[in-house]
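Here the structure of chain A is known, so what remains is to put chain B in place on it, guided by the hints.
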Amino acid sequence: MTLTLVKAWTAAKDRLKDAGIDQPSIDARLMLEVAAGVTRTEIVTDPYRELSAEQIATLNDYLERRARREPVSHIIGRKGFWKILLQVNKNVLTPRPETEVIVDEVLKAFPEHMAFSMLDLGVGSGTILLAVLAERPAAKGLGIDASSEALAVARENAANLDLNTRAALLHGDWTTGLGSDSFDLVVSNPPYIPTEVIDTLEPEVRIHEPRLALDGGPDGLAAYRELAPEILRVLKPGGLFAVEIGYDQSQAVEALFRAAGATEVRTVKDLSTHDRVVLGVKNPLESPA
Amino acid sequence: MRLPQARLDQVLDRFREVEARMGAATDGAEIVKLSKEHAELRPVAEAVERLAKLSAERAELDVMASDPEMAEMVRDEIQALDEKLPVMERELALMLAPKDKDENASAILEVRAGTGGDEAALFAGDLFRMYQRYAQTQGWRVEIDSISEGEMGGFKEIVASITGDGVFGRLKFESGVHRVQRVPATEAQGRIHTSAATVAVLPEAEDVEIEIKESDLRIDTYRSSGAGGQHVNKTDSAVRITHLPTGVVVTSSEKSQHQNRARAMKNLKARLYDMQREALDSARSEARKSQVGSGDRSERIRTYNFPQGRVTDHRINLTLYNLARIMEGDALDDVINPLIAEDQAERLASLEESFS
Numbered sequence: 001m002t003l004t005l006v007k008a009w010t011a012a013k014d015r016l017k018d019a020g021i022d023q024p025s026i027d028a029r030l031m032l033e034v035a036a037g038v039t040r041t042e043i044v045t046d047p048y049r050e051l052s053a054e055q056i057a058t059l060n061d062y063l064e065r066r067a068r069r070e071p072v073s074h075i076i077g078r079k080g081f082w083k084i085l086l087q088v089n090k091n092v093l094t095p096r097p098e099t100e101v102i103v104d105e106v107l108k109a110f111p112e113h114m115a116f117s118m119l120d121l122g123v124g125s126g127t128i129l130l131a132v133l134a135e136r137p138a139a140k141g142l143g144i145d146a147s148s149e150a151l152a153v154a155r156e157n158a159a160n161l162d163l164n165t166r167a168a169l170l171h172g173d174w175t176t177g178l179g180s181d182s183f184d185l186v187v188s189n190p191p192y193i194p195t196e197v198i199d200t201l202e203p204e205v206r207i208h209e210p211r212l213a214l215d216g217g218p219d220g221l222a223a224y225r226e227l228a229p230e231i232l233r234v235l236k237p238g239g240l241f242a243v244e245i246g247y248d249q250s251q252a253v254e255a256l257f258r259a260a261g262a263t264e265v266r267t268v269k270d271l272s273t274h275d276r277v278v279l280g281v282k283n284p285l286e287s288p289a
Numbered sequence: 001m002r003l004p005q006a007r008l009d010q011v012l013d014r015f016r017e018v019e020a021r022m023g024a025a026t027d028g029a030e031i032v033k034l035s036k037e038h039a040e041l042r043p044v045a046e047a048v049e050r051l052a053k054l055s056a057e058r059a060e061l062d063v064m065a066s067d068p069e070m071a072e073m074v075r076d077e078i079q080a081l082d083e084k085l086p087v088m089e090r091e092l093a094l095m096l097a098p099k100d101k102d103e104n105a106s107a108i109l110e111v112r113a114g115t116g117g118d119e120a121a122l123f124a125g126d127l128f129r130m131y132q133r134y135a136q137t138q139g140w141r142v143e144i145d146s147i148s149e150g151e152m153g154g155f156k157e158i159v160a161s162i163t164g165d166g167v168f169g170r171l172k173f174e175s176g177v178h179r180v181q182r183v184p185a186t187e188a189q190g191r192i193h194t195s196a197a198t199v200a201v202l203p204e205a206e207d208v209e210i211e212i213k214e215s216d217l218r219i220d221t222y223r224s225s226g227a228g229g230q231h232v233n234k235t236d237s238a239v240r241i242t243h244l245p246t247g248v249v250v251t252s253s254e255k256s257q258h259q260n261r262a263r264a265m266k267n268l269k270a271r272l273y274d275m276q277r278e279a280l281d282s283a284r285s286e287a288r289k290s291q292v293g294s295g296d297r298s299e300r301i302r303t304y305n306f307p308q309g310r311v312t313d314h315r316i317n318l319t320l321y322n323l324a325r326i327m328e329g330d331a332l333d334d335v336i337n338p339l340i341a342e343d344q345a346e347r348l349a350s351l352e353e354s355f356s
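As given, the protein sequences belong to chains A and B, one line each in that order. So the first sequence is residues 1 to 289, counted in full-length UniProt numbering. So the second sequence is residues 1 to 356, counted in full-length UniProt numbering.
Chain A with its partners taken away, still in its complex shape (with noise of 0.2 Å):
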């Protein structure tokens, strides 16, 4: 029995579909175009090629896993971010195409060609700091993660994006042994769920992804009480901050960053108009001098 390309996205969005899956198209083709070896263009262009045995057996047991409810980034190993593409696994956050909302506002706010050092915390696949490493060839980066799991999908996602000579990685507890007045930015996606809402999401998330990434405490704003005024003692004056929030987080995140002497905070909302990043600047007047 023989499969071609496109009765193969065909056979595979069918099978998705009846286990549930909700956008069984899409990730059939993404399962499709690496268990056959193949580009999306590949299979438009070349649709009549022919699956060999054992890229069948790969795409059923994608299909197989998918519908088990495991993530496509998870089975693919990999995920689309801004304009790069990142290595993942189960041990770190899959980005979110709503993160890509960070990575814009910090683009605006840094020319291209200037020179200034980047602070990411809870850096898991080196998704914002990479992706603004990539676009920003003067900048320099740090990323801190608890998870030394996750710090080694960023060192491999660092080396195969040329950025290892500018990004450090480093294990660590938040800021915890970093100096005052160090970073011109420092951005952050800490986990924001409350706790007792993880187990109402999807298997995706829920059974899949690390708790670490996710779990914001009691009312999902443990990190952020921890970070606003470390982020502001780290922060040189002057600079810029931008977090990732939940889409009820906007007012608390906010009260706690001025709380912490921020300047200029700001909530910006995602593509869906959702809130989703806080903005706020570290006082230029509280110079050490």
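Each hint should be verified, as a subset may be incorrect.
[To be verified] Here are the simulated lysine-lysine pairs, BS3-like style, with alpha carbons at most 30 Å apart:
id, chain 1, residue 1, chain 2, residue 2
1, B, Lys213, A, Lys269
2, B, Lys255, A, Lys140
3, B, Lys213, A, Lys83
4, B, Lys255, A, Lys83
5, B, Lys266, A, Lys83
6, B, Lys84, A, Lys269
7, B, Lys266, A, Lys269
8, A, Lys7, B, Lys213
9, A, Lys236, A, Lys269
[Stated by the list, open to error] Covered stretches of chain A (chain B as the covering partner; in silico rule of three or more C-beta atoms under 8 Å from a C-beta of chain B):
id, segment
10, 3-11
11, 45-59
12, 76-83
13, 89-96
14, 168-174
15, 270-277
[To be verified] From the structure, some residues in chain A lie toward chain B, with a derived Cβ separation under 10 Å:
id, residue
16, Leu30
17, Ala131
18, Pro191
Calculated directly from the structure, the hints in this document are not laboratory data. Glycine included, C-beta positions come from ideal geometry on N, C-alpha and C.
Showing chain B alone in chain A's frame:
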């Protein structure tokens, strides 16, 4: 054709004026404008000068030929020039003829399955493949912006960006309805079916040409309904943009959300720009009825007949019997070149009208 000397002098005068003003200009914006015009005029001015020089040589040869002793010596030279001059005049005339200013632009290619169900969807894929292969031979880059698949393994719609030099100039006559006649792979009785796909080629607008107000846009994502962010791990990063004043809707569903937004905006600009072009074209078509460039997307322009191995372009009554190589993209120029030649002839004709 004979080019009026007054028109040629006009070109040279303007070129010298621009050159002189470039030397004197101090204002940055003016310098940019002048140097752009200079770059456009230079090949024309050089062609005018070359033609003038050769015409003068030709006149001299006539004088020499009137001397019986010299006639034999200059015969070959006269013959060579008599062959060369009309070619040069035609080239120059083409430079002077009204031009499509988007000739060199990159383009958005849309292929949509028309009537004919699965077979039409398969044909849409085949057509896209033909353009993708052709683009490769031209050194252009093809990036798919969105695909929607048909039921039985064809494609309902494929939208792609084709980036490169002169893409629009070569592909613009592809817009219209393409008809296919063949025995579908799914047809057990061996009967020939007729189905169709629609192709649209839109020039990519320069940023300055189309201004879009942020407040005129509605942006939708497939993540709008839930909490988004860390709460959801899904694959779809598609972005749909609606331009409220015109109701134009564009989507992009590849790669990251950022790239999807950028591509959707680019496609939106191309569509709005295309609407502007069409409005201009229909105003112009009163003056000039074009065979190849009518731009009517619902016009049936070409038939691909597989049993006979032929491709017929209905606009210029061209029939070719190398269907396989055309579908492979290798021989698409066999169709495109005559279309471009026809368009050039029409433009020259309208130039001649403007002289008379």
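How the hints compare with the structure:
1. Taking the CA atoms of lysine 213/B and lysine 269/A, the gap is about 18 Å. The hint holds against a cut of 30 Å.
2. At most 30 Å may separate the alpha-carbon atoms for a hinted pair to count; lysine 255/B and lysine 140/A meet this at roughly 26 Å.
3. For the given pair, lysine 213/B sits about 25 Å from lysine 83/A by alpha-carbon distance, which is consistent with the 30 Å threshold.
4. Using a Cα cut-off of 30 Å, the hinted pair lysine 255/B and lysine 83/A holds, with the two alpha carbons roughly 8 Å apart.
5. For the given pair, lysine 266/B sits about 16 Å from lysine 83/A by alpha-carbon distance, which is consistent with the 30 Å threshold.
6. Of the pairs offered as hints, the one joining lysine 84/B and lysine 269/A is violated, with about 66 Å between alpha carbons and a cut-off of 30 Å exceeded.
7. Between lysine 266/B and lysine 269/A the CA atoms are separated by roughly 22 Å; this keeps the pair inside 30 Å, and the hint holds.
8. The straight-line distance between the Cα atoms of lysine 7/A and lysine 213/B is roughly 43 Å, outside the 30 Å bound, and the hint therefore fails.
9. With a CA separation close to 26 Å, the supplied pair lysine 236/A and lysine 269/A stays within the 30 Å bound.
10. Residue count for the segment 3-11 of chain A with a Cβ under 8 Å from a Cβ of chain B: 5. That meets the three needed, and the coverage hint holds.
11. With 3 residues having a beta carbon nearer than 8 Å to a beta carbon of chain B, the segment 45-59 of chain A meets the requirement of three or more and the stated coverage holds.
12. Against chain B, the segment 76-83 of chain A contributes 4 residues with a C-beta closer than 8 Å to a partner C-beta. That satisfies the three-residue criterion, and the hint holds.
13. Counting residues of the segment 89-96 of chain A whose C-beta sits closer than 8 Å to any C-beta of chain B gives 3, which meets the bar of three, so the coverage hint holds.
14. Remark: the segment 168-174 of chain A is not confirmed as covered by chain B, as 0 of its residues place a Cβ nearer than 8 Å to a Cβ of that chain, below the required three.
15. Counting residues of the segment 270-277 of chain A whose CB lies closer than 8 Å to any CB of chain B gives 6, which reaches the minimum of 3, so the coverage claim holds.
16. The beta carbon of leucine 30/A comes within 6 Å of a beta carbon in chain B, closer than 10 Å, and the hint placing it at the interface holds.
17. At a threshold of 10 Å, the smallest CB-CB gap from alanine 131/A to chain B is about 9 Å, leaving the interface hint in force.
18. Nearest Cβ of chain B to the Cβ of proline 191/A: about 7 Å, under the 10 Å cut. The hint holds.
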